[in-house]
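Visitor: The chain contents come next:
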Amino acid sequence: MRTSTRASGASPLMYVTLTLVVLLSIAPLYFMLVMASRANSEILSVPPPLLPGDQLAGNIERVFANEDVQFGRALLNTLLVASVATVAVVLTSALAGFAFAKLRFRGRHGLLVFVVATMMVPVQLGLIPLYMLMTEVGLAGGLASVTLPFLVSGFGVFFMRQYASQAIPDELIEAARVDGASTVRIFWSVVLPALRPAAAVLGLLTFMERWNDFLWPYISLDFNHPTVQVALSRLSGGYYTDQALVMAGTLMGTLPLVVVFILFGRQIVGGIMEGGVKS
Amino acid sequence: MTAVVFEKATRRFPGQDRPAVDALDLHIDDGEFLVLVGPSGCGKSTTLRMLAGLEDVDDGRILIGDRDVTRRPPKERDIAMVFQNYALYPHMTVAENMGFALRIAGTRKAEIRRRVAEAAEILGLTDYLDRKPKALSGGQRQRVAMGRAIVRSPQVFLMDEPLSNLDAKLRVQTRTQIAALQRRLGTTTVYVTHDQVEAMTMGDRVAVLKDGVLQQVASPRELYDRPVNLFVAGFMGSPAMNLLDLPLVDGGVRFGSTVLPVPREVRDAAPGPTVVVGLRPENLAVGGEGMAVRVDVVEELGSDAFVYGRADGIDEPLVARDDGRRPPAKGARVRLRVLDADAVHHFDPVSGRRLGR
Ligand SMILES: Nc1ncnc2c1ncn2[C@@H]1O[C@H](COP(=O)(O)OP(=O)(O)OP(=O)(O)O)[C@@H](O)[C@H]1O
Ligand SMILES: [Mg+2]
Numbered sequence: 133m134r135t136s137t138r139a140s141g142a143s144p145l146m147y148v149t150l151t152l153v154v155l156l157s158i159a160p161l162y163f164m165l166v167m168a169s170r171a172n173s174e175i176l177s178v179p180p181p182l183l184p185g186d187q188l189a190g191n192i193e194r195v196f197a198n199e200d201v202q203f204g205r206a207l208l209n210t211l212l213v214a215s216v217a218t219v220a221v222v223l224t225s226a227l228a229g230f231a232f233a234k235l236r237f238r239g240r241h242g243l244l245v246f247v248v249a250t251m252m253v254p255v256q257l258g259l260i261p262l263y264m265l266m267t268e269v270g271l272a273g274g275l276a277s278v279t280l281p282f283l284v285s286g287f288g289v290f291f292m293r294q295y296a297s298q299a300i301p302d303e304l305i306e307a308a309r310v311d312g313a314s315t316v317r318i319f320w321s322v323v324l325p326a327l328r329p330a331a332a333v334l335g336l337l338t339f340m341e342r343w344n345d346f347l348w349p350y351i352s353l354d355f356n357h358p359t360v361q362v363a364l365s366r367l368s369g370g371y372y373t374d375q376a377l378v379m380a381g382t383l384m385g386t387l388p389l390v391v392v393f394i395l396f397g398r399q400i401v402g403g404i405m406e407g408g409v410k411s
Numbered sequence: 002m003t004a005v006v007f008e009k010a011t012r013r014f015p016g017q018d019r020p021a022v023d024a025l026d027l028h029i030d031d032g033e034f035l036v037l038v039g040p041s042g043c044g045k046s047t048t049l050r051m052l053a054g055l056e057d058v059d060d061g062r063i064l065i066g067d068r069d070v071t072r073r074p075p076k077e078r079d080i081a082m083v084f085q086n087y088a089l090y091p092h093m094t095v096a097e098n099m100g101f102a103l104r105i106a107g108t109r110k111a112e113i114r115r116r117v118a119e120a121a122e123i124l125g126l127t128d129y130l131d132r133k134p135k136a137l138s139g140g141q142r143q144r145v146a147m148g149r150a151i152v153r154s155p156q157v158f159l160m161d162e163p164l165s166n167l168d169a170k171l172r173v174q175t176r177t178q179i180a181a182l183q184r185r186l187g188t189t190t191v192y193v194t195h196d197q198v199e200a201m202t203m204g205d206r207v208a209v210l211k212d213g214v215l216q217q218v219a220s221p222r223e224l225y226d227r228p229v230n231l232f233v234a235g236f237m238g239s240p241a242m243n244l245l246d247l248p249l250v251d252g253g254v255r256f257g258s259t260v261l262p263v264p265r266e267v268r269d270a271a272p273g274p275t276v277v278v279g280l281r282p283e284n285l286a287v288g289g290e291g292m293a294v295r296v297d298v299v300e301e302l303g304s305d306a307f308v309y310g311r312a313d314g315i316d317e318p319l320v321a322r323d324d325g326r327r328p329p330a331k332g333a334r335v336r337l338r339v340l341d342a343d344a345v346h347h348f349d350p351v352s353g354r355r356l357g358r
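Chains A and B supply the protein sequences, listed in that same order.
Here the first sequence is numbered in the numbering used here, starting from 133 and rising by one per residue.
Here the second sequence is numbered in the numbering used here, starting from 2 and rising by one per residue.
It should be emphasised that the hints constitute simulated quantities derived from the structure, not laboratory data.
Here a beta-carbon is modelled for each residue, glycine too, at the ideal position from N, C-alpha and C.
Heads up, some of the hints might be wrong.
[As the list claims (entries may be wrong)] Here are the computed distance ranges between Cβ atoms for each label pair:
#, chain 1, residue 1, chain 2, residue 2, range
1, A, 395, B, 168, 28 to 38 Å
2, A, 245, B, 104, 31 to 41 Å
3, B, 127, A, 153, 25 to 35 Å
4, A, 158, B, 178, 55 to 65 Å
5, A, 154, B, 86, 37 to 47 Å
Assemble the whole structure, with the sequences as input and the hints as a guide.
Guide: Following this line, the structure appears as C-alpha cells:
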C-alpha cells in the first residue's frame with residue numbers, strides 16, 4: 133500500500149467521499165433531534181418535517197416527568213453501572229494483560245487460551261445460568277446484578293496483552309527492576325502510563341457497551357432499578373407510541389455517550405500520534 | 002570495596018545444547034574498568050545480565066563485594082545498568098528518569114533534586130531536565146541513561162554497548178567522556194562492546210569471550226602484545242594480525258625468500274612440522290627481502306597506507322602498514338619484509354594456543 137507523502141494533498145474525490153460519509157453518519161442523529169423537537173402529530177404527517185421544531189424542552193420535560201419510566205434515576209443508575217464496570221475492566225485488563233505479556237509464570241499459555249475462549253461464549257447462552265446464579269445469591273433485581281458479571285473482560289485482557297507486548301520493550305521493565313522497583317511498582321509507574329492509549333480505547337468501548345446493554349438488564353432488573361435502555365423501552369410501551377417522547381428520551385440517553393467520547397477521544401488520538409513516531 | 006567475582010558462572014538457555022556462558026571465572030577489582038568483548042552471540046550481554054540479576058545463574062556463583070548475590074534480585078545488588086537502547090521511561094521527564102531509583106528507595110525530595118542536579122551538571126543536561134526523552138537527540142538520551150546510573154552512586158556500573166546507537170564521531174567523543182567519568186567516580190564498571198577499538202581504549206583490563214568461553218583477561222597492551230591463542234590474536238587489532246601456517250625449516254620458518262628465526266622453546270613446543278606465525282601489519286613493511294605478494298588493495302589513510310597482497314600458495318591476504326605518501330600501486334608485485342623478529346607471535350596450528358613467551 134502506498135501512502136501519500138504530502139499530508140495536505142487530499143484529492144477532491146476524497147473530500148466528496150468523506151463529506152458523504154459524514155452526512156450519512158450524522159443523519160440519524162439529526163432526525164432524532166428533529167423528531168424530539170416536534171409534537172407527535174407533526175412527526176406522523178406527510179411529508180415528514182425536515183427541520184427541528186420548538187417542542188424539545190416540553191418533550192424532555194415529559195420524559196423526566198413520567199413516573200413509570202423514572203428516566204432521571206435510570207440515567208444515574210446507568211452512569212454508575214457503566215463507570216464502575218469501565219474502571220474495573222480497564223484496571224483488571226491492564227494488570228492481566230501486563231502479566232500475560234511480560235511476566236514468566238507457569239501455565240501462562242494455557243491461561244491465556246482460557247481467557248480468549250471465554251470470548252467465544254455468546255451472551256445469550258449465558259443469560260439463563262446467569263439469572264439463576266443471581267437469584268441464588270440474592271442479587272437479582274438490583275444494580276449489582278448488571279455490574280458484577282462485567283467487571284472483567286476476556287476481550288479486555290487479550291486486547292491489553294497485545295498492546296503491552298508490542299508497546300512496552302522488555303528493557304524498560306528490566307531498567308525499572310534494576311532501579312529497584314517491585315512488580316507492583318513497575319505496573320503503576322512504568323507499564324500503566326505506557327498503556328494509556330489502549331486503556332482509553334478499552335475504556336470507551338466498555339463504557340459504550342455497558343451504556344447500550346439492553347437484554348440482560350431488561351431481564352434482570354426490577355421495576356425500581358431501571359437503566360437507560362430499559363427506561364427507553366418503557367417509554368415506547370403501551371397502546372400507542374409517542375414517537376416524539378421516545379426520541380426525546382433517546383436523545384437524552386445518547387448525549388452522555390457523546391460527552392464521554394469527546395473526553396476519551398482526545399486520549400485516543402494522542403495515543404495514535406505518540407505511537408506513530410518511534411521514540 | 003566492591004570487587005566483582007564470577008566463579009564458574011554458567012548460563013544454559015532452555016533448548017540450547019551449548020551454554021551461552023560457560024563456567025566463567027573472572028575477578029574484577031574494586032574501581033576497575035573491565036571491558037567484555039567478543040563477536041556477536043558470544044555471551045557478553047548474558048554475562049552482564051547475570052551480574053545484574055536479570056538472567057538466572059544455572060551453575061557457579063557471583064559475588065559483589067564479598068556478598069554472594071547469585072540468587073538475589075536486581076534491587077538487592079546495588080548496581081546500575083545502561084542499556085543499549087537506553088530504556089528511558091518515555092512518560093517521565095529527564096529529571097524524573099534520573100531520580101526514579103532514588104524515589105523508589107525513599108530518598109527525600111530535596112536530596113533527590115540535589116543529586117539529579119549534580120549529575121545533570123556533570124553530564125551537561127541541566128537545560129534538559131524538564132524535557133521528555135522524545136524531545137532529546139540520541140546523544141542526549143545516551144547521557145540521560147548515564148545520568149540515571151550515576152545519580153544512584155551504585156557499587157557497580159553495568160553498560161551494554163551504550164555507544165552503539167551513536168554516530169561515529171559522537172561515539173569517539175562519548176567514549177573518552179565515559180572513561181574519564183569512571184576514573185573520576187572510581188566506581189567498578191563492567192562494559193560490554195563488540196568493538197575492539199572501544200575495548201582497547203577504555204578498559205583497564207579487557208576480557209575476550211568466544212562462544213561463552215573466556216579466552217583471555219589482560220590489559221589492552223598485554224592482549225595486543227601477547228594474545229594467548231589464535232582467536233584473541235585475530236580479534237584484537239585492526240587491521241587484524243596476519244596469521245600464516247608456515248613450515249619449520251633449519252633455523253626457523255620459511256617466509257618467502259627469507260628464514261624467520263624461531264625461538265628454541267617454540268620449536269620444542271611445536272607439535273608438528275609447521276607453526277602458525279602471527280605478524281601485526283605494523284611489523285611488515287614493503288620492500289627488501291621477504292614474502293613476494295601481488296598487491297590487491299591499498300587503503301590510504303593519509304599518514305599511513307595499508308597494503309593488502311596475496312602470496313602464492315597462501316589463501317589469506319597479507320596486510321602490511323606502509324608509508325602513506327608512496328604506497329605501491331594496485332597489481333604491483335612487491336616483497337613484504339618483517340621488521341622486528343622479536344615481535345613475531347607463534348601459535349600451535351592444531352590447538353591454536355600460543356607457543357613460547
Ligand atoms: N532469552 C534467550 N533464550 C535463548 N537463547 C538466548 C537468549 N538470550 C541469548 N541467547 C543466546 O545466547 C547466546 C549469547 O547471547 P548474548 O545476547 O549474550 O550475546 P552477545 O555477546 O551479547 O551478542 P551481541 O554482540 O550480538 O549482543 C546467543 O547464542 C543467543 O542466541
Ligand atoms: Mg549483546
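Visitor: Of all the hints given earlier, name the ones this structure violates by number, lowest first.
Guide: Violated: hints 1, 3.
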